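Residue numbers (our numbering), protein chains in the order written: chain A, 1 to 320; chain B, 321 to 565.
Just so you know, the hints here were simulated from the structure itself, not pulled from any lab data. Just so it is clear, the structure is predicted and the values come from calculations on it, not from any experiment. Errors might be hidden in some of the hints.
Stated by the list, open to error - Here are the simulated EDC-like cross-link-like pairs (lysine to aspartate or glutamate), alpha carbons at most 16 Å apart as the crow flies: (1) B/K463 / A/E191; (2) A/K15 / A/E191; (3) A/K15 / A/E201; (4) A/K110 / A/D65; (5) B/K481 / A/D149; (6) A/K16 / B/E478; (7) B/K530 / A/D149.
Unchecked claim - Covered by chain A, per the in silico footprint, the following chain B stretches (three or more residues, Cβ under 8 Å): (8) 377-384; (9) 395-401; (10) 437-443.
Every residue gets a Cβ at the ideal spot worked out from N, C-alpha and C, and that includes glycine.
So the chains spell out like this:
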Amino acid sequence: MSVLVFVELDEGKIKKSSQEAIFYGAKVAEMMGTSATAVVVGGADQGELATAGNFGATKVLHAADSKLNEPNGMAYASVVAAAAQQEGAKVVVLAKSSLADAMAARLAGKLKAGLAANVIDLPELSSGFRVKRSIYTGKAFAFTDLTADTKILAIKKNTIEVAETGGSASVEAFSPALNDGDFGLKVTNTEKATGDVLLPEADLVVSAGRGLKGPENWGIVEDLARALGAATACSKPVSDLDWRPHHEHVGQTGIKVSPNLYIAAGISGAIQHLAGVNSSKVLVVINKDPEAPFFKSADYGIVGDVFEVLPRLTKAVQAL
Amino acid sequence: MKILVCVTSVPDTTTKITFTDNNTKLNKAGVQYITGPYDDYALARAVELKEQSGASVTVLTVGEVDAEPVIRKCLAIGADDAIRVNADPADAYFVAEQIAAIAKENNYDLILMGRESIDYNGGQVHGIVAEMLGIPSISPVMKLDISGNTAKMTREIEGGKEDLEANLPLVLGCQEPIAEWKIPNMRGIMTARTKPLKVVQPTGQETLTKVASYELPAPRGAVKMIPADQAETLIQLLRTEAKVI
Chain A
1 MSVLVFVELD EGKIKKSSQE AIFYGAKVAE MMGTSATAVV VGGADQGELA TAGNFGATKV
61 LHAADSKLNE PNGMAYASVV AAAAQQEGAK VVVLAKSSLA DAMAARLAGK LKAGLAANVI
121 DLPELSSGFR VKRSIYTGKA FAFTDLTADT KILAIKKNTI EVAETGGSAS VEAFSPALND
181 GDFGLKVTNT EKATGDVLLP EADLVVSAGR GLKGPENWGI VEDLARALGA ATACSKPVSD
241 LDWRPHHEHV GQTGIKVSPN LYIAAGISGA IQHLAGVNSS KVLVVINKDP EAPFFKSADY
301 GIVGDVFEVL PRLTKAVQAL
Chain B
321 MKILVCVTSV PDTTTKITFT DNNTKLNKAG VQYITGPYDD YALARAVELK EQSGASVTVL
381 TVGEVDAEPV IRKCLAIGAD DAIRVNADPA DAYFVAEQIA AIAKENNYDL ILMGRESIDY
441 NGGQVHGIVA EMLGIPSISP VMKLDISGNT AKMTREIEGG KEDLEANLPL VLGCQEPIAE
501 WKIPNMRGIM TARTKPLKVV QPTGQETLTK VASYELPAPR GAVKMIPADQ AETLIQLLRT
561 EAKVI
């Protein structure tokens, strides 16, 4: 009956978004009078897996077959579906990510489960199973009843504040039969920025738009991001012009972020950009045009030249 | 090659969303409907593949009669024929079931759609359809080339991208820059009027989710402006007042 949580590792450590998913799953389990079980797929250090207990999981199922070492949405979904069956889980929680997105839909198909994506709060169980999810790219919320027997929740970053419990989870090997049909995709090349803070995981984001005038000027954006330990992002025109890679494009047709702090420099704030960032906790807008529409949605604003303001902010952060 | 492109009819990206009937219905007054922007990329790539190597392109939507202008536009852009499943696309599983039922009858080599619809942003339908058909699904696909029975793709991942290869048939969720959006020309618009648009009734009625009500985000408080020559104050405020750094 337990609540099952799919947990992702990054460089051997449980991802921050997955810590949140475990904590969320444990809360849901508590509401349902059961416990939370984490599922980890692929090679992992047993000590690290036990730390899932610190976020509320009582047990970790570890599927360590070497065929599962490379992320594979189809195969991973099959493993999680098998885990759900073994545990009799009626609720599966995942933190949104490119891997989890690929898995969640396939899981919904396998388990014939009601799936809610972009869930932003704990469910309401007083009359069935109701979740609050973000829709219209953050322009609204829908209270959605999951009417199927099995429910899958893909939660958005910053859905719940994690409180560490100090607990430790028992780790069990999990070896479901693997399905050859799940290994039909061949990855021939991977390009991934290393060492940087990943945008969808970032608590702090420094973003810039056409006001930066050209890709050669991004140094001042990167300097502030580095000083803060933030990820960098950009507006759609900047990505369309190839000044910055597409995976940095934030907005309605790009990545939707919900960090604690989003600093927008030289971005006017078109409704499509706003849609991708308006669930950020604190929005800072820096623009030389006092009429820029973004100021209306901001918490803090500076009317000024980004080429002067950004370096001053960087210095101020370094002086902290 | 037979390509199925699934499209959604969604409020224009500039729409200010509001609700009526005690927050249980979208206020459609003044809302302009468009083809889902991601679906538009999928369609554009399908039409390019047709132009390059000869393929048939069928466009499919699950929607009520008011979705037909979007379908006609897809035909004007270059799809050969269209199917509309006459139902409210209220639930991802229900929509996927309709697509899978039509796909089973017609054996498409490629099923393309946007990575997500921009109304509910679920990004689920391609994965559920693929699961129902027992074939791979890949999303979000930024580049697609077909040679023989093999698809070569580039997919966006966190902080980068990866190149993939797989055999057809496949279900793909698409996004920019897989192709340039196409604008229908006059000849396309004229021929679209006579291209076949078949309306079919849905298979089953089963839904697994149901929206009870909607809510708009709480407005933010008034913006606090900081003079540019005191920019450093911002960092202090972010630390002591907002407590985010």
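Status of the hints after comparison with the structure:
Among the hinted pairs, B/K463 with A/E191 is consistent with the structure: their alpha-carbon atoms are about 14 Å apart, no more than 16 Å. Proposed proximity of A/K15 and A/E191 is contradicted: the alpha carbons are some 20 Å apart, above 16 Å. Annotation: proposed proximity of A/K15 to A/E201 holds, straight-line Cα distance about 8 Å (limit 16 Å). Taken as a hint, the A/K110 and A/D65 pair is broken in the structure, with Cα atoms around 21 Å apart against an allowance of 16 Å.
Under the criterion of a C-alpha separation no larger than 16 Å, the hint pairing B/K481 with A/D149 is inconsistent with the structure, at around 36 Å. The suggested pairing of A/K16 with B/E478 holds, with an alpha-carbon distance near 14 Å, which does not exceed 16 Å. Simply put, B/K530 and A/D149 have alpha-carbon atoms about 14 Å apart, close enough for the 16 Å limit, and the pair holds. Coverage of the region 377-384 of chain B by chain A is violated [criterion: at least 3 residues with CB-CB distance below 8 Å; count 0].
A stretch counts as covered by a chain when three or more of its residues have a beta carbon under 8 Å from one of that chain; for the region 395-401 of chain B and chain A the count is 0, and the coverage is violated. Restraint check on the region 437-443 of chain B versus chain A: 6 residues with Cβ-Cβ distances below 8 Å, three needed, restraint holds.
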